[in-house]
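Protein chains in written order, with the working numbering: chain A, 1 to 112; chain B, 1001 to 1112.
Don't take every hint at face value.
Here are the simulated distance ranges between beta carbons [as the list claims (entries may be wrong)]: (1) K76(A) <-> H1098(B): 47 to 57 angstroms; (2) Q1027(B) <-> Q13(A): 39 to 49 angstroms; (3) S1081(B) <-> D54(A): 36 to 46 angstroms.
By construction, these hints were calculated from the structure, which means they are not laboratory data. Each residue gets a CB set at the ideal place from its N, CA and C atoms; glycine is no exception.
Each chain is listed here by its residues.
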Amino acid sequence: EVQLVESGGGLVQPGRSMKLSCAASGFTFSNYGMAWVRQAPKKGLEWVAYISYDGGSTYYRDPVKGRFTISRDNAKSTLYLQMDSLRSEDTATYYCTTAYYWGQGVMVTVSS
Amino acid sequence: DVVLTQTPVSLLISLGGQASISCRSSQSLVHSNGNTYLHWYLQKPGQSPQLLIYQVSNRFSGIPDRFSGSGSGTDFTLKISRVEPEDLGVYYCLQRTHNPWTFGGGTKLELK
């Protein structure tokens, strides 16, 4: 059974950092590109970042470029999202996804 | 960025009825490899999105044949026949032919 389990969310002050993790199991993680998608409260889905299967290519939506870093450890079947200089508008539930399978999501709240 | 325009924003359907959702793209979603990476998801209340249809018309594992996808190029449609209570929620289209991935704004399916 495919599982994607996010962790690392919570409450953080504006300007601070947070790192999300996504532990994958049930499929060959190293064969798939992965993405982070977020959903602000009561809003729609918004793609945040993508990383290729080998980590060689990464893409970011414009508002997070230079602040967020997506990475992966294929040996540990784990995806990461390092979020720096967090802003209130980054408040959302963050999902990791292969586009076919999704995690349950982790809430990130940026507030003083 | 590719803009996906999803209509209608909301749908009121009777149990057993049929629903149709449109997703129109601002540019062709045919990839250089010939595939069209247009997917459909359902997000039930309090849950993460679940894949219904991938690459325009392919039902994902475990998805009943009441769900069907069609279209090409820039115009795509999701049809749900014989609507059941578990079909209620918000439907999204996603394109990942072009970076960045983009989602439609969502269509909320409710019971009449």
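These are the hints, each one checked on the structure:
| no. | hint | in the structure |
| --- | --- | --- |
| 1 | K76(A) <-> H1098(B): 47 to 57 angstroms | violated (30 angstroms) |
| 2 | Q1027(B) <-> Q13(A): 39 to 49 angstroms | holds (40 angstroms) |
| 3 | S1081(B) <-> D54(A): 36 to 46 angstroms | holds (41 angstroms) |
The earlier numbered hint that this structure contradicts is number 1, and it is the only one.
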